Amino acid sequence: MSMLKIDNLQVRAGDKQVLHGLTLEVAAGEVHAIMGPNGSGKSTLVQVLAGREGYEVTGGSVSYQGRDLLALPPEERAREGVFLAFQYPVEIPGVNNVYLLKAGLNAVRKHRGLPELDAFDFLTLVREKMKLMHMDESFLNRGVNEGFSGGEKKRNEILQMAVLEPTLALLDETDSGLDIDALRIVANGVNGLRRADRAIVMVTHYQRLLDYIEPDRVHVLSSGRILKSGDKSLALELEKRGYDWVKQEAAVA
Amino acid sequence: MSVVTLQESRSSSERYRAAFDARWTAADPLVELRRAALERFVAAGFPTQRQEDWKYTNLRRLEARTFAPATSAAIAVGAHEQQWIAKAGIRIVLVNGHWMPALSSSDAQLPGMTLLALRQWFERDPAAVASFIEANTREQPSAMEDLNLAFFEDGVVLDLADGATLDQPIYIVHQWTDGAAQLMSNPRVVVSAGPNSRCVVIEHFVGAGAGECFTNAVCDIELAPGASVEHYRIQQESLRSFHIGHVNARLLQNSRYASHDITLGASLARVNLSTTLEGRGAHVALNGLIAPLGTQHLDAHTTIDHAVPHTTSDENYRGIAGGRGRGVFNGKVIVRPDAQQTDARQSSRNLLLNAGAEIDTKPELEIYANDVKCSHGATTGQLDAAALFYLRSRGLDEATARALLIRAFAESIVTSLGPPALRNHLEQLLDERYKVIS
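Heads up: the protein sequence lines correspond to chains A and P, in order. The first sequence runs 1 to 253 under our numbering. The second sequence runs 1001 to 1438 under our numbering.
Watch out, some of these pointers could steer you wrong.
Computed from the model, here is a short list of chain P residues facing chain A with C-beta under 10 Å [said to hold, decoys possible]:
#1 Arg1023
#2 Pro1069
#3 Ala1386
#4 Tyr1390
#5 Ser1393
#6 Arg1407
I should point out that these hints are in silico values taken from the structure, not numbers from a laboratory. Just so you know, these numbers come straight off a predicted model, no measurement behind them. In this text, a Cβ means the ideal position worked out from N, Cα and C, and glycines have one as well.
Could you build the full structure based on these sequences and the hints that come with them?
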């Protein structure tokens, strides 16, 4: 059974229809890459899945582990194991990074019927994950993303993901703005989370990320629909030929 | 409408005159000073919204009520102690405006410091108090300051000798007794900081449970050359009370006055904080938080008067309004004609938690010199939807996420508090106020 089943999803932002009947299934253990030109609806898709307000679902359905995902508030989705790594992580001065990590983790653990971690066990866990992300401990006591560089913000997203251990990870252009070293670190972090009972959906512009995180499936999203799906060779073909041929092919069909 | 207003004000003035005659006799050494102040108050009446300075704050509710001057109340030691900030410093407790030696740090004296309750001094040398009060009163007191002068009973005098440095704060508790109602208190605090002296003064206004009381407090601070005074004002009186506060600080050269003005309590509160920089190199820092909830109306009016060249000021006020609460910030900065090289910065940032709340913020810059740096910024907004979503997407429920963002908004004021005991106290108050689950 698929973990995530999106059926004919239609979404409007303001008076603009962004998704025009998008259908996608992701099974546990799989990594899917969603590629497509700017403005095709990639970010909208993952934000809607995470529960961002400001979008109107005008049709279709999303089922996650057999539940109606769209009926849940964002925090419930997070506690059920959905995680969005933001394209533009928000700076929140005055809220501690470490506080957010701890509050988030304990909310998730409580939901799963696990006891809250005490300060010592929590810090041990966080330190281990930070090492994995090559992050300095001084990040912990800074405001959430406050004054972080673009690359630091992305690493912080993956750190949060590593701590929260989601079931379904949505990565929104996590590779953008990263140099090659940072990309490798982020990719290692993501690959470390690959497991038979987890699924990862990554939105990206570039084939480059897929050299490091190898997808099982690649989809082309354009004008609010999945136009074509394939294996990782599709990404290579897109890299060579661009998106126009896919659009033409779809138009003919 | 004008006829009604006139009648109301006449009757309220007369009520205060009657209270005056009942309270003071010719035997009081200050009676002439008091009588003159009363007459000025009666002639001026309560401020009205027609006065520019009172445009946003209506005192009609205060004016309509009758408050009797509070007499000394005997209370048990320990009765209100849980409301006080533990280990805040040398403690002086005024209960309903009257000094309570049994609750205060006993005879605590530090080198170079004279710390007295006004009543103590009265008992020793009433004539000296009279001339001291006269000398330390502003030339043109406002109507509400005159009301204080007419009725004040007690207060605190802190005098620092040349170079005296206090190693702990002076903690003044203005406590209303539980069950006090329809009472008025007019405490006076006078701080005279000698050359190069340093001190921290904390004024903490608390109490009155469900009672309706009226605090009309005056604090006059004189800073000699090189003196440094850090002044904290934490106001958390009952939600039915009225609170008018006046702080006047006068700075001579190279002195430094820092104010932390935290207004959380009272049904209606107004603080007039007025500073005058009269010596080169003087610096004023004003930090403030006004946080109305429910139907509270909380007003902070500040004036920074750069009277001479080469003075600086830095002002940072935050407002957080929820419920149908209303906040007012008015920041006046005056740069006098010859006050060249003035550097004045002002920031007023405000957060509205819901549609019924309101904050009026008004920077008021009067700049008469040309070689100065003056900046000001005022913003009013709501909680950042993107930040709220970010926190919720990490599993935090909406209420917790909102509370965290509210706390974050106040953070720069919280961290500006020096004494750790104070900072912890404010953190707890804000956590309770906005229900942060830690």
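Taking the hints in turn, this is what the structure says about them:
The closest approach between the C-beta of arginine 1023 of chain P and any C-beta of chain A is roughly 48 Å, which is over the 10 Å cut-off, so the hint fails. Because the beta carbon of proline 1069 of chain P sits about 44 Å from the nearest beta carbon in chain A, more than 10 Å, this interface hint is broken. Given hint, alanine 1386 of chain P at the interface with chain A, holds; its Cβ is 5 Å from that chain's nearest Cβ, closer than 10 Å. The interface hint given for tyrosine 1390 of chain P holds, since its Cβ lies 4 Å from the closest Cβ of chain A, which is under the 10 Å cut-off.
Checking serine 1393 of chain P against chain A: minimum C-beta separation of about 5 Å stays under 10 Å; hint holds. Look at arginine 1407 of chain P: its Cβ gets to within about 7 Å of chain A, closer than 10 Å, so that hint holds up.
Of the hints listed earlier, those the structure fails to meet are numbers 1 and 2, in rising order.
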